[in-house]
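Single-letter residue listing:
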Amino acid sequence: MSIDTARPPVHTDHGGPLHAVRGFFRSREIPVAGALIALVIITTVINPRFLSPQSVKDLMLNATIVIILAVGQALVIITENVDLSIGSILGLVAFGTGTLFNAWPGVPIPLVFLGGMLFGAVLGAINGFLVTAAKVPALVITLGTMYIFRGILTSWAGSKQYFSGDNPKAFGNLSVDVFLGIPIITIVAIVVVIAVGIFMHSVRAGRDLYAIGSDRDAARLFGIAVGPRVLAAFVASGALTGLAGVLYTSRYNSVGALTGSGLELDVVAAVVVGGVAISGGTGTVFGAAIGAVLLSTITSSLTATRVDKFWQQAFVGMLILAAIIVDRAVSVRNARKLRVSESRDV
Amino acid sequence: MANEVQPGIEPPPPSGTPASGTPALSLTGASKTFGPVVALADGTIDLRAGEIHALVGENGAGKSTLVKILAGVHAPDGGDFEVGGVGVSFKTPADSKAAGVSVIYQEPTLFPDLTVAENIFIGRQPRNRAGLINRGEMRRMARDLFTTLGVPIDPDRIAEGLSIADQQIIEIAKAISLDAKVLVMDEPTAALSGVEVDRLFGVARGLRDKGAGILFISHRFEEVFALCDRITVMRDGRYIGVHNTADVTVPQIVKEMVGRELGALFPKVDAPVGETVLSVEGLTRLGTFRDISFEVKAGEIVALAGLVGAGRTEVVRAVFGIDRYDSGSVTLHGKALAPHNPQAAITAGIGFVPEDRRKQGLVMDLSVAKNATLTLRKALARFGLISGNRERRTAEDWSSRLQVKTGSQDYAVSTLSGGNQQKVVLAKWLATEPTLLIVDEPTRGIDVGTKSEVHRLLSDLAGRGIAIIMVSSELPEVLGMADRILVMHEGRITAELPRAEATAERVMSAATSSLEGAL
Numbered sequence: 001m002s003i004d005t006a007r008p009p010v011h012t013d014h015g016g017p018l019h020a021v022r023g024f025f026r027s028r029e030i031p032v033a034g035a036l037i038a039l040v041i042i043t044t045v046i047n048p049r050f051l052s053p054q055s056v057k058d059l060m061l062n063a064t065i066v067i068i069l070a071v072g073q074a075l076v077i078i079t080e081n082v083d084l085s086i087g088s089i090l091g092l093v094a095f096g097t098g099t100l101f102n103a104w105p106g107v108p109i110p111l112v113f114l115g116g117m118l119f120g121a122v123l124g125a126i127n128g129f130l131v132t133a134a135k136v137p138a139l140v141i142t143l144g145t146m147y148i149f150r151g152i153l154t155s156w157a158g159s160k161q162y163f164s165g166d167n168p169k170a171f172g173n174l175s176v177d178v179f180l181g182i183p184i185i186t187i188v189a190i191v192v193v194i195a196v197g198i199f200m201h202s203v204r205a206g207r208d209l210y211a212i213g214s215d216r217d218a219a220r221l222f223g224i225a226v227g228p229r230v231l232a233a234f235v236a237s238g239a240l241t242g243l244a245g246v247l248y249t250s251r252y253n254s255v256g257a258l259t260g261s262g263l264e265l266d267v268v269a270a271v272v273v274g275g276v277a278i279s280g281g282t283g284t285v286f287g288a289a290i291g292a293v294l295l296s297t298i299t300s301s302l303t304a305t306r307v308d309k310f311w312q313q314a315f316v317g318m319l320i321l322a323a324i325i326v327d328r329a330v331s332v333r334n335a336r337k338l339r340v341s342e343s344r345d346v
Numbered sequence: 001m002a003n004e005v006q007p008g009i010e011p012p013p014p015s016g017t018p019a020s021g022t023p024a025l026s027l028t029g030a031s032k033t034f035g036p037v038v039a040l041a042d043g044t045i046d047l048r049a050g051e052i053h054a055l056v057g058e059n060g061a062g063k064s065t066l067v068k069i070l071a072g073v074h075a076p077d078g079g080d081f082e083v084g085g086v087g088v089s090f091k092t093p094a095d096s097k098a099a100g101v102s103v104i105y106q107e108p109t110l111f112p113d114l115t116v117a118e119n120i121f122i123g124r125q126p127r128n129r130a131g132l133i134n135r136g137e138m139r140r141m142a143r144d145l146f147t148t149l150g151v152p153i154d155p156d157r158i159a160e161g162l163s164i165a166d167q168q169i170i171e172i173a174k175a176i177s178l179d180a181k182v183l184v185m186d187e188p189t190a191a192l193s194g195v196e197v198d199r200l201f202g203v204a205r206g207l208r209d210k211g212a213g214i215l216f217i218s219h220r221f222e223e224v225f226a227l228c229d230r231i232t233v234m235r236d237g238r239y240i241g242v243h244n245t246a247d248v249t250v251p252q253i254v255k256e257m258v259g260r261e262l263g264a265l266f267p268k269v270d271a272p273v274g275e276t277v278l279s280v281e282g283l284t285r286l287g288t289f290r291d292i293s294f295e296v297k298a299g300e301i302v303a304l305a306g307l308v309g310a311g312r313t314e315v316v317r318a319v320f321g322i323d324r325y326d327s328g329s330v331t332l333h334g335k336a337l338a339p340h341n342p343q344a345a346i347t348a349g350i351g352f353v354p355e356d357r358r359k360q361g362l363v364m365d366l367s368v369a370k371n372a373t374l375t376l377r378k379a380l381a382r383f384g385l386i387s388g389n390r391e392r393r394t395a396e397d398w399s400s401r402l403q404v405k406t407g408s409q410d411y412a413v414s415t416l417s418g419g420n421q422q423k424v425v426l427a428k429w430l431a432t433e434p435t436l437l438i439v440d441e442p443t444r445g446i447d448v449g450t451k452s453e454v455h456r457l458l459s460d461l462a463g464r465g466i467a468i469i470m471v472s473s474e475l476p477e478v479l480g481m482a483d484r485i486l487v488m489h490e491g492r493i494t495a496e497l498p499r500a501e502a503t504a505e506r507v508m509s510a511a512t513s514s515l516e517g518a519l
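Protein chains in written order, with the working numbering: chain A, 1 to 346; chain B, 1 to 519.
Bear in mind the hints are in silico, worked out from the structure with no lab data behind them. This one's a predicted model, so the numbers in the text were calculated from it and none came from an experiment. Just so you know, even glycine gets a beta-carbon here, dropped at the ideal spot from N, CA and C. Keep in mind that the hints are not guaranteed to be accurate.
Looking from chain A toward chain B, a few residues come up when the C-beta cut is under 8 Å (computed) [to be verified]: (1) VAL203; (2) ALA218; (3) GLY281.
The following block holds chain A by itself, in its conformation from the complex:
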């Protein structure tokens, strides 16, 4: 016998594939993915055309923009902040893209993407700077910039609109052409999800964002550069929103003063439904992306099953509440499991 018997024994079976499997089933993404699969199955049973190739392509196209926005928003929410100005940023970048094509029809398309992301990043940096410098909650700051950015767009655009017909054909084709059955812009979104997902899981700076969201004061004590990291999260969110803005111009028929308004709450909803806690520190961008797919699929599936449009928003609302309740239940259950498994035999 040794002194160590005075302390509770712990599992020694961690490590290896078993550990990975256990972690997988405990993760917050599983319930959301399960809900998505159930939704698709039920809808297909009611209306078999829901899974026709064209319909699947539409589902993917509809989800693309929200996926990218949700990934950016997840970065910010994980740090216990929020960015409500993304709808306005998307509008500014989308209208800017239309203006650019109008003024310089031969502009190289990669340059348009670069310019859009840079524009978004600058707007995100304004948010990030205000949040970190003024030490005012991001909710208030970005509510302010949401109106400011929208005001700038309204006075810039006036009643003017740019239509997809005005853009180069190659640009519009990004939302039409497919590769291996997947639309090009959706592939862009998938690449974004994977890249940011790896960053958040396996790069030190990404883990810092979790630490900041988990306990900001502890992060500061530990020597994590809290301000610069939060600023970077806002810049990244802005850049991704910029990317989404350019893709929006490719995907949708027209862009104008109202483009993207109201989108911010849909995106926050997708992120929360996807298992990213609004209080920061937990959740993944994969979850946020699945949440985005789920919310955009619900709209399509309610249409496919001919549910009254009025019910659609209420349904989304119920889903948000369900996600929060499931999340809470899971964490309570895990806490109880830890208690029982780590206690000695009493």
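Once you've looked at the hints, dock chain B against the given chain A.
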């Protein structure tokens, strides 16, 4: 038998190591003010490589401020600061860490959502060739650290819900993994019990022998004298003096700390024991404690003793109604107390002073007055509105009775020192005039002067017919204060000792009953 298992007491280290080392860290005449409050007037410390150096002083003596200057949290307003013989001025905690200074705080600062392993290695996780975090390696390194420390903590669990003792151990593992040249330990042992303290001391001596300079802050003199080579004394924000441990005695140090002689440390006076106030019958919470039965009578102080993790805090939390229990009953004044209902417990006359005052006892951003009267809102209200004047009067009454040192009742509690915060928590509960008071580690992290004030206060309350349950890990406190001692071990009560029969050996052997024959 296990009589050899003594908490935290080992013979002093062989002298000869100190006094010859090179300077690891030196701070001379550092000052720091916060608005009108002078937190530090003359912070001076001379820490050498290869020594363990104690820093002692009463609450509000400026120790915590000094630690924060070393940690790079506060920049001093004046004074000289050198690390390894080189002048430094830390702007951020990162600067301090980069200079090889590691600080273990009194209150753990972990990330509740991250795993234990990540808490240790955040910002410097091991990486593979692609520059990505190698989680397998990180897990292995964490497990190795815990093996070195002799503590089985699962590196993959999240930090949320860990006991303070385990959180402290993770902090220590973190500092060890940083291979710090200077290790500052701000009351690391406050939440540890005997076995863990011995283990920590072993680690600290190992680090010292490898040439680290260790600054050790503690209110437990037996630890200071067992572990440390030299002692620096502070009082009222000023450096008073430094001594070789071998050349001084406890009374001398205490005298320097408080600037006056102290009376007896544990002044529990016999009070007439009245009727049964609380009776607990077969209380069980699966996986935590089982079949707990005991009574507390008016005027009696009953101590719950045992090692950290024995389930003492959990029992009193269940009695008060914070946690659910699976079976058993709690009866107060002959009436059954509703389970899982703290509001009912307060109404029935129970006061509860929790162990972790920062998280459970105080609202740190609220003023002293608001905190002290938090439990009294109904009594202070007129027509449903709380009167600020009455609030202030009540708060002032209790603050002055407990001698809370604060510039104003309106200052936020977070600006007070640890001992004064504890007094505010006590004031908050005493203002409700409870018939049963539960205190969990009432003097954890509190200096000698305040400690005896708290003890005198508890004794006084018992004398006025209040029944008191005191959870404590400090053996002298338990032996000095309690009329009866219940010893817990691994979720069960293993001994009930009246004051006359209680000895350190009997309490310790009951607290470690599964260890019989070991060592």
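Quick rundown of the hints versus the structure:
{"no.": "1", "hint": "VAL203", "result": "holds (7 Å)"}
{"no.": "2", "hint": "ALA218", "result": "holds (4 Å)"}
{"no.": "3", "hint": "GLY281", "result": "holds (4 Å)"}
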